[in-house]
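Please model the entire structure based on the sequences and the hints provided.
The sequence shown maps to residues 1 to 371 in our numbering.
Do not take every clue at face value.
[To be verified] Think about it this way: if two alpha-carbon atoms lie no more than 30 Å apart in a straight line, the pair counts; the simulated DSS-like pairs of lysine-lysine are:
{"no.": "1", "residue 1": "K101", "residue 2": "K23"}
{"no.": "2", "residue 1": "K101", "residue 2": "K139"}
{"no.": "3", "residue 1": "K248", "residue 2": "K101"}
[Said to hold, decoys possible] Quick list of simulated restraints, FRET-style, between CB atoms:
{"no.": "4", "residue 1": "Q200", "residue 2": "D309", "range": "18 to 28 Å"}
{"no.": "5", "residue 1": "I256", "residue 2": "E119", "range": "30 to 40 Å"}
{"no.": "6", "residue 1": "G152", "residue 2": "F354", "range": "16 to 26 Å"}
{"no.": "7", "residue 1": "S125", "residue 2": "R73", "range": "24 to 34 Å"}
{"no.": "8", "residue 1": "G122", "residue 2": "G152", "range": "17 to 27 Å"}
{"no.": "9", "residue 1": "A249", "residue 2": "A282", "range": "27 to 37 Å"}
{"no.": "10", "residue 1": "P184", "residue 2": "G39", "range": "43 to 53 Å"}
{"no.": "11", "residue 1": "T270", "residue 2": "E341", "range": "44 to 54 Å"}
{"no.": "12", "residue 1": "Q71", "residue 2": "Q364", "range": "39 to 49 Å"}
{"no.": "13", "residue 1": "E313", "residue 2": "E251", "range": "23 to 33 Å"}
Derived from the structure by calculation, the hints contain no laboratory data. Just so you know, even glycine gets a beta-carbon here, dropped at the ideal spot from N, CA and C.
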Amino acid sequence: MCHRLLPRCRRVKGIINPVARSKSIRTDLAAAIEESAAGAGFRLDDAQILVRDRLLGLSEDLLASRWRRAQPRGLYVWGDAGRGKSWLLDAYFRALPIQAKRRVHFHGFFDQLHRRIHEHQGEASAVESAVRELTDGVKLLYFDEFHVHDSGDAALLTRLLRQLFATNVVLLASSNYAPASLLPNPIWHHLFEPGIELIQTNMDIIALQGTEDYRARPQSSLTGFRSGRWISPDPSVQQDRHTPQNPKASEAVELIVGSRRFPVAAHRGTELWITFEQLCGAQTSSVEYLPWAQQFNHWVLLDLPSFADIDPEAQQRLINVIDVLCDADVRTTIQSPLTLEEFRATTQNRPDAFRMMSRLQLLQTQHQFQP
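Here you go:
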């Protein structure tokens, strides 16, 4: 009898111990994150190490879920801008040895979600069908820059969260907001309270409370969004012959998205020149911003006024477009009669404008000749 069982015993010996494999992957992940940090020229600070360790715990939970039925809890990482949340979660996500994973950004994912819902219009379960298609085969969904500013998105985002948790998709999210502070406008905040409850029930919440703003570190070279400029006039500055000339009226063209036409100041190859009124005064949204961010690698936004002089809808469009351009890493040049610090002062009455300002702070400031 023993001789008959021996072959089976040998096969059992060949099985990889799940606990040992989990520890090995944890070690490899930690090493990969440290290597990414070293490549970027820094070492993880104490606050980042705490979050890293929780991420390593999440990887163990994800791997262990293959052998046990317990559903891993998601992880919601929040903190001030520039503390390295997205960098850390990106490094972890790249190194995580799981194929069934997907990284999304708020605007891009919601654009896809709206399109899928439209394809299922008329169906009672249109939202559920759309979410199922977008997350088919996904075990871990990484939501970078999770935020809620638009009251119209609150109900849809709540349904999205409910569907994700019901279908055992593990959610990883980075955010500048604690869950209870999402949709900060006090008039509309109650609309997302059901979504906040879902996050608090199904996700572990950890704050990255570092003190260093890594965006302020000197960069050896500037590319993409960081290579853009904030240009304000100064009569004491000599005219710079290298500064591109603003478009002439004869350069005005229209961009076509679907059945809609959008006038812009100029279209110079892969460079888009557009006035604030054309971009944010019109009924635009991420439906336009996302394809334009792929089509044009340099945007020049003209005539940006004081934030306080902009109506709330146009303010929201500006917040959204800066978010899209930063995430897509598109070089962005802004011309305004105000300096960047003067513009910042005009945003104080809108609490959710700080995310936009944290991005605009990455731009190089330049004073331009004023005739």
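Right, here's what the structure says about each hint:
With a C-alpha separation of about 20 Å, the suggested pairing of K101 with K23 holds against the 30 Å cut-off. Proposed proximity of K101 and K139 is supported: the alpha carbons are some 6 Å apart, at most 30 Å. For the hint linking K248 to K101, the alpha-carbon distance of about 47 Å lies beyond 30 Å, and the restraint is violated. Here the CB-CB span from Q200 to D309 is close to 38 Å, at odds with the stated 18 to 28 Å.
Checking the proposed 30 to 40 Å range against I256 and E119 shows it is violated: the Cβ atoms sit about 22 Å from each other. The hinted range of 16 to 26 Å is satisfied by G152 and F354, whose Cβ atoms lie roughly 22 Å apart. Between S125 and R73 the beta carbon distance is about 26 Å. The supplied range of 24 to 34 Å therefore holds. A hinted range of 17 to 27 Å for the beta carbons of G122 and G152 is consistent with their spacing of about 20 Å.
Between A249 and A282 the beta carbon distance is about 18 Å. The supplied range of 27 to 37 Å is therefore violated. Remark: the range hint 43 to 53 Å for P184 to G39 is contradicted by a beta-carbon distance near 36 Å. Remark: the range hint 44 to 54 Å for T270 to E341 is contradicted by a beta-carbon distance near 31 Å. Evaluation of the 39 to 49 Å hint for Q71 and Q364 yields a pass: the beta carbon distance comes to about 47 Å.
Judged by the Cβ atoms, the range 23 to 33 Å given for E313 and E251 holds: they are separated by roughly 28 Å.
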